[in-house]
Amino acid sequence: MVQIKNIELIGGENFSGRSAYLREKNCDNNSRKRLFIGEIPSNYLSGLTTTVDNEIRLHRANNNQQIIVEIDALLKKCDFDKHLFKNSFNLSGGEQALLAVACHLLIDKDDLAIDTVLEQLSSSWILHLFDTFRKLPHKKIMISDNRIKSYGFEPDMILQHNNDKPLIDSKKFQINTSEDINFLLDDISFSYSRFQNVLTNFTYEFETGKIYLLNGKNGAGKTTLAKILSGVLKLKHGKIYKNGLIYVPYSYPGKIVGYSFQDPDEQLFANTVFRELNGNVDSLKANMLAKSFGLSDFMEEHPQDLPFVLRKRLAIAATLSIDRSFYIFDEPTLGQDDNTSKELAKIFHKLTTGGKGVIIISHFKEFILEYDSIDINLS
Amino acid sequence: MNAISKTQQNFFKLTLIPLSIAVNIGIGLIVKSLNLPIYLDSIGTIISTILFGWQIGLITGVLSFVFTTILSLNPFAIFFSGTQAAIAILIYILAHKGWFKKTYSTIFSGIIVGAIAAIVSMPVIYYLFGGATGNGASIIVAYFINKGLSPVNSIVISGFIVEPIDKTIQILIAIYVVKNLPTKLVTTISNNDLIKRLKSAK
Amino acid sequence: MKDVFYSIHPYTRICFLALGITGTIFANRITILSLYWLFTLIPFFVINRKLVSHIKVLLFVFLPIYLSYILIYVWASKFGFDYVSFRVAKLMVFATVIQIFFSFKSNEQIDTFLKWKFKGNLLLVILGTFSVIDDIVKQSDKIVTARYARGFIKDRNIYNTIKQIPQTLVPLFAIAIRTSIERSDSWERKDMLSLLSNWEQKRYRTHYLSDIWILITTTLYLVISL
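Chains as they are written, first to last, in my numbering: chain A, 1 to 379; chain B, 1001 to 1202; chain C, 2001 to 2226.
Isolated chain A, as found in the complex (with noise of 0.2 Å):
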């Protein structure tokens, strides 16, 4: 097990308090609130640069050398230098998380709290990330984090709330069978410049009753993929075959496959949970949805009053409540603790059995190790 002196890792369970205990945390020294990190990582950027460039300068205006040869060694090593004249809210997710967290260690204030945004990081930049934190002792960093115990970190302090809590239970998760059906992608590419292909020559099929993982770097094309197979991107190279028939998925967006983003708020629509689950049509079928993703408690709010954990499992949720074939999950794990996901991995074979193809677009595959899945690899 590996431990760093300056960081303290907070464990806990969802809903265990873990953010407000990060959020309400003064510096050690004064009473001044420390930096802070939430979930969503392009909030915590500045909104006032339109650079990355620019936006490393403005937070590096008052500090010392080291810090700053040890972030432009953390950047170089994660391959920055060719994003610094781009707008950094034109970044992926992640890129947007190890930006900020970058930002907040030149800020002259050392005490800083990291809140689950390090989920979006994939393992290599974490470790980078850490070895910086090292290399910069008198910073004191706390970090929450689901995924910490898979990169051999054990937590210092583990929060415990005994209050009810909203669990996911996939027991009482229930699937019509439906017929199997057969994608075969032949050959498609995809770009959204004429300079620069995001897929070549891509051949593969998929096939209900499956669960696939896609993996591969940032813009390697699993995004483009998901957003093909979906009917949101219209494919320009290559043909899909259904069943061994010609299909075109852009003519029926969103009828055969479904598609789960990574950030849940762009998703969610309606003014009450209960209609987010389409409960206006099947209220059986979304009360079901309700009580296996937590959810029963909340029907009568606000999709969007909802905190991130549960805006997320809705968002998984509401793609469940309109029966499709294929279902594709974009980081569907993220803010989750330990125990949802293996709910959640369940809940995925479950839709397996039940004759659905299930495809999951993660950096964390650990939840799902338990269950064979197909690794696709993009690159």
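Fair warning: there could be bad hints in the mix.
Straight-line Cα separation of at most 25 Å, BS3-like style, residue types lysine-lysine; simulated pairs [said to hold, decoys possible]: (1) A:K255 - C:K2163; (2) A:K217 - C:K2056; (3) C:K2105 - A:K236; (4) B:K1006 - A:K25; (5) C:K2050 - A:K234; (6) A:K135 - A:K109; (7) C:K2154 - A:K239; (8) A:K236 - C:K2115; (9) C:K2138 - A:K217; (10) C:K2142 - A:K234; (11) C:K2138 - A:K285; (12) C:K2154 - A:K255; (13) C:K2142 - A:K255; (14) B:K1101 - C:K2115; (15) A:K234 - C:K2138; (16) B:K1006 - C:K2142; (17) A:K86 - C:K2163; (18) A:K86 - C:K2050; (19) C:K2154 - A:K82; (20) C:K2142 - A:K86; (21) C:K2056 - A:K86; (22) A:K109 - B:K1006; (23) A:K86 - C:K2138; (24) A:K291 - B:K1184; (25) A:K242 - C:K2056; (26) B:K1102 - C:K2142; (27) B:K1179 - C:K2142; (28) C:K2163 - A:K82; (29) A:K234 - C:K2090; (30) A:K165 - B:K1006; (31) B:K1184 - A:K25; (32) C:K2138 - A:K255; (33) B:K1179 - C:K2163; (34) A:K236 - C:K2119; (35) A:K86 - C:K2115.
Some chain B residues well away from chain A (every beta-carbon gap over 12 Å; in silico) [what the hints assert, rightly or not]: (36) V1031; (37) L1040; (38) A1086; (39) L1090; (40) K1102.
Note that these hints are calculated values from the structure, not bench results. Treat the numbers as computed from the prediction; the structure is a model and nothing was measured. Glycine included, each C-beta is placed from N, C-alpha and C at the ideal position.
Given chain A, work out where chains B and C should sit, using these hints.
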């Protein structure tokens, strides 16, 4: 978050205004690209006025139009920013008089806001463009001039035809959005009860 | 970190705006307007690789305006094409001067506005708007994508696009408000005002030749117009 400091309240306004400006510009852009005789470029102004008061609404509206020019989207938008100030103040008054609680009074207030917007923007359209603004409204202006009306009258009449429809649609959309927003989130920092009153209306 | 390279020096910008606007107000012949457009305004767009955005403005803003001028002044009021072309040319140069005055490269806004002595709340709001526009555009794009992915939009047409506006705005405003709550908290913890006041201005590097060319030709333009 329980106690919210004065500094954070001030920063909240300063971080919210740019976001509502961006929303305002975004909707205006979509509509402009379709070249319709309506504008729908004040929805952000109306929503932020109802939610956070006339000062924030006014700054949002005026700066949206300044930025539409700065970002090379429409070089003349900046000259119409006065109209946005008038809209923000008017919406604030109407909202507090309770005019948005019922659909018919909402439509009526859309007509009033539209008429005032037409009068306020008339001088700019006349002196800067001579009536030819390049959107659907100029066809109406041309029609009336051809029928023998003076340019000033034609501009005012075309404004009276286009603006009330446009502003009524915008207010109806804005009220729909406000009624469907998460109450707890909206009242985290600004403790205005208007959203609660609107929601309880229907 | 590299030195900041300005497309136009902040002070040149101000002079250019004042001289250019006054010149355009007094310009009384279409030849003067065209020459100024051809030799000062167009080269600026070419040097700064912004010709495309200028052409877009010409096509989508001035072509409709020109057409509506023909409609109102030639069809409805019996003026000649000369008159119409002159008025549109004047409007076009006027607007282009404003467009150039406001054209910033993405990394020169902070330095330019600081050089213009902007400060306090106004500075924060201006810089903030430049910064978050991309964020909101990206978010609204994702929200519309999500509506497709959830199967709420069956057909892709203009009518359906417009019908999406109210539903798209609800999550967009919720996101904006949540962002403001969290960002304002973060600004307080970071002490954003002191970070901004400690911003170190870099040495100015500009295209001297283009700055001088802009100033000389614009002055000349003003003198001839008067």
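(message) Against the 25 Å threshold, does the CA-CA distance of K1101 of chain B and K2115 of chain C hold or violate the hint?
(response) At roughly 48 Å apart (the allowed maximum being 25 Å), K2115 of chain C and K1101 of chain B break the hint.
(request) Take the C-alpha atoms of K86 of chain A and K2138 of chain C, compute the straight-line distance between them, and say whether it is at most 25 Å. (result) holds (14 Å)
(message) Tell me if the straight-line CA distance from K1102 of chain B to K2142 of chain C falls inside 25 Å.
(response) violated (33 Å)
(request) Just double-check L1090 of chain B for me: nearest Cβ-Cβ distance to chain A has to come out over 12 Å. (result) Its Cβ never comes within 12 Å of chain A, the nearest being 28 Å, so this holds.
(request) Compare the distance between the alpha carbons of K236 of chain A and K2115 of chain C with 25 Å, and conclude whether the hinted pair is satisfied. (result) violated (47 Å)
(request) For the pair we were handed, K1179 of chain B and K2142 of chain C, check the Cα-Cα distance against 25 Å. (result) Given that 25 Å is the threshold and the Cα spacing comes to 23 Å, the pair holds.
(message) Holds or violated: K2138 of chain C and K255 of chain A, Cα atoms, limit 25 Å.
(response) holds (24 Å)
(message) Check the hint pairing K217 of chain A with K2056 of chain C against an upper bound of 25 Å on the C-alpha distance.
(response) violated (36 Å)
(message) For a C-alpha distance cap of 25 Å, please report whether K236 of chain A and K2119 of chain C respect it.
(response) Roughly 49 Å separates the two Cα atoms, so the pair is violated.
(message) Check the hint pairing K2142 of chain C with K255 of chain A against an upper bound of 25 Å on the C-alpha distance.
(response) holds (18 Å)
(message) Please verify whether K2050 of chain C and K234 of chain A have alpha carbons no more than 25 Å apart.
(response) violated (29 Å)
(message) With the threshold set at 25 Å, check whether the alpha-carbon distance from K242 of chain A to K2056 of chain C stays at or below it.
(response) Judged against 25 Å, a Cα distance of about 42 Å means the pair is violated.
Consistency note: the structure conflicts with the earlier hints numbered 2, 3, 5, 8, 11, 14, 16, 17, 19, 25, 26, 28, 29, 30 and 34.
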